[in-house]
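Peer 1: So you can see what is in the structure, the chains are spelled out below.
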Amino acid sequence: MSICIKGTGIVSPQKTFHDGGFPDEVVEYRGIRYLKCIEPPYREYIDPMTGRRMSRIVRMGICAAKKCLQDAHVTMPDAIITGTGLGCIEDTEKFLTSVIRNGERLLNPTPFIQSTHNTISSAIALSIKCHSYNSTYVHRGFSFENALRDGIMFLHENPDSNVLVGGLDEITDHSYLIMSRMGFWKRKPIDNLALLEYGDRGSVPGEGVSFFMLGNRTDDDRNCVRIRASDILYKPQSEEYITLKLQQFLAGQDAGGIKPDLLLFGLNGDPRSDSIYHNIHNILFRDCNLAYYKHLCGEYDTSVTFALWLATMILRHQQVPDVIKLKAFEPGEINNILIYNHVHGINHSFMLITRC
Amino acid sequence: MKELIENLKNEIIESLNLEDVTPDQIEADTPLFVEGLGLDSIDALELIVLLEKKYGLKIDTAEEGKRILYSVRTIAENIIRSRNP
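Going down the list, the sequences are from chains E and F. So the first sequence is residues 26 to 381, counted in our numbering. So the second sequence is residues 140 to 224, counted in our numbering.
Misleading hints may appear alongside valid ones.
Derived lysine-lysine pairs resembling DSS-like cross-links, with alpha carbons at most 27 Å apart [as the list claims (entries may be wrong)]:
1) E:K61 / E:K40
2) E:K260 / E:K284
3) E:K61 / E:K213
4) E:K352 / E:K211
5) F:K141 / E:K119
6) E:K40 / E:K284
7) E:K40 / E:K260
8) F:K192 / E:K119
9) F:K197 / E:K119
Which stretches of chain E does chain F cover? Using the computed rule of at least three CB atoms under 8 Å from a CB of chain F, they are [unchecked claim]:
10) 72-86
11) 128-134
Label pairs and their in silico Cβ distance ranges [stated by the list, open to error]:
12) E:K40 / F:Q164: 33 to 41 Å
13) F:N149 / E:E50: 40 to 48 Å
14) F:D159 / E:R165: 21 to 29 Å
15) F:T169 / E:K40: 37 to 45 Å
16) E:I153 / F:P170: 23 to 31 Å
17) E:D44 / F:K192: 32 to 40 Å
18) F:V173 / E:R206: 44 to 52 Å
19) E:Y201 / F:S221: 42 to 50 Å
20) F:R212 / E:I63: 40 to 48 Å
Calculated from the structure, these hints are not laboratory results. Yeah, the Cβ is synthetic: ideal placement off N, Cα and C, and Gly gets one too.
Chain E with its partners taken away, still in its complex shape:
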């Protein structure tokens, strides 16, 4: 299934919306409850008259998608596929608040129209006049993984195509409060770079928009990175089962199996969910370099896209930023990266990313 990543575009709480690799400067947030994106210069990508009705996530989505097209040197994709856990939650909240306040009468149409989960992929299509296949997956912690799977299937059926696949989610005060009550987030404000040092329950929520241009081949071999394999596990019964499935996943990629040069795991500072990452590292990959990323982008349903972007940058530039290093770090060539992430212990996913 090896698929080439021809280009990327990302808006995140870090300064990632630029050309090149990982930003030189890491943004540290002190005393925060959630991580919000650093917004791109919208006017360079969206006509103000068109963008006036768009919410923040729609604008960020269009900017990231256009950046991805530029990076891949593709003007018109053959498909646009997105994954999102909560979609345009800000507009959904606006619409529902207005339903309650106005007694279900005199409702403004814009938040309603813009509140659907597929607003972003549609807005991207409209902004570049793309009339091709357009789809959105809303499967909580598997939203991006299923969008990716659809993109890969599209490329099997249309081998010469370019498919724009993205994952996106936004954080709002309301969604933060509701999920705080459910015990997902830490009770006190934190410093993001110290995320793993707190030891109490909960993580820090975040947000982000990432797009990837996928194709079967690329003209630029120097920058070529491939998604060699991916798999998902829904509500696995035990850690032993996850370990077994991960072993099978790696063994299935090559006759002798594959030993990753770097592990990029989704540790999020909640001891309830992080123990599995440490256990798998100890059991299967004791001497392997381990890195993490959610202190930079926060936890959200499609946060694995930040890991995929990070893996792409590491493989392209052969540099592992110090801020993500966690265990057993040895310098050396990096040809294979294993991404393992789970969302609330329910949606587990593996991705093997390699250099061409």
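Since chain E is already given, all that's left is putting chain F on it; use the hints.
Peer 2: Then chain F, alone, in the frame of chain E:
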């Protein structure tokens, strides 16, 4: 009338999020839709909600909408007329 027209211009800019437009740029008699300010059908819906909420002006049919929402002046005239039937 003049004060109402000025208020309407500000409210249209705010409710339709016309970031680059100032009240001075909206002529009272210029058409709001298509060739004038360039508003579209969703803007029309937003204006209908605004006028009913703020001024109690109800627009019941598409024909009435076209006539009333033609310009800032036609909106203002209809608001005054609805107050003094």
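Peer 1: None of the hints should be skipped; say for each whether it holds.
Peer 2: So, going through the hints one by one against the coordinates:
{"no.": "1", "hint": "E:K61 / E:K40", "in the structure": "holds, 12 Å"}
{"no.": "2", "hint": "E:K260 / E:K284", "in the structure": "holds, 26 Å"}
{"no.": "3", "hint": "E:K61 / E:K213", "in the structure": "holds, 17 Å"}
{"no.": "4", "hint": "E:K352 / E:K211", "in the structure": "holds, 24 Å"}
{"no.": "5", "hint": "F:K141 / E:K119", "in the structure": "violated, 33 Å"}
{"no.": "6", "hint": "E:K40 / E:K284", "in the structure": "violated, 31 Å"}
{"no.": "7", "hint": "E:K40 / E:K260", "in the structure": "violated, 34 Å"}
{"no.": "8", "hint": "F:K192 / E:K119", "in the structure": "holds, 17 Å"}
{"no.": "9", "hint": "F:K197 / E:K119", "in the structure": "holds, 23 Å"}
{"no.": "10", "hint": "72-86", "in the structure": "holds (count 4)"}
{"no.": "11", "hint": "128-134", "in the structure": "holds (count 4)"}
{"no.": "12", "hint": "E:K40 / F:Q164: 33 to 41 Å", "in the structure": "holds, 36 Å"}
{"no.": "13", "hint": "F:N149 / E:E50: 40 to 48 Å", "in the structure": "holds, 41 Å"}
{"no.": "14", "hint": "F:D159 / E:R165: 21 to 29 Å", "in the structure": "violated, 39 Å"}
{"no.": "15", "hint": "F:T169 / E:K40: 37 to 45 Å", "in the structure": "holds, 43 Å"}
{"no.": "16", "hint": "E:I153 / F:P170: 23 to 31 Å", "in the structure": "holds, 30 Å"}
{"no.": "17", "hint": "E:D44 / F:K192: 32 to 40 Å", "in the structure": "violated, 46 Å"}
{"no.": "18", "hint": "F:V173 / E:R206: 44 to 52 Å", "in the structure": "holds, 48 Å"}
{"no.": "19", "hint": "E:Y201 / F:S221: 42 to 50 Å", "in the structure": "holds, 43 Å"}
{"no.": "20", "hint": "F:R212 / E:I63: 40 to 48 Å", "in the structure": "holds, 44 Å"}
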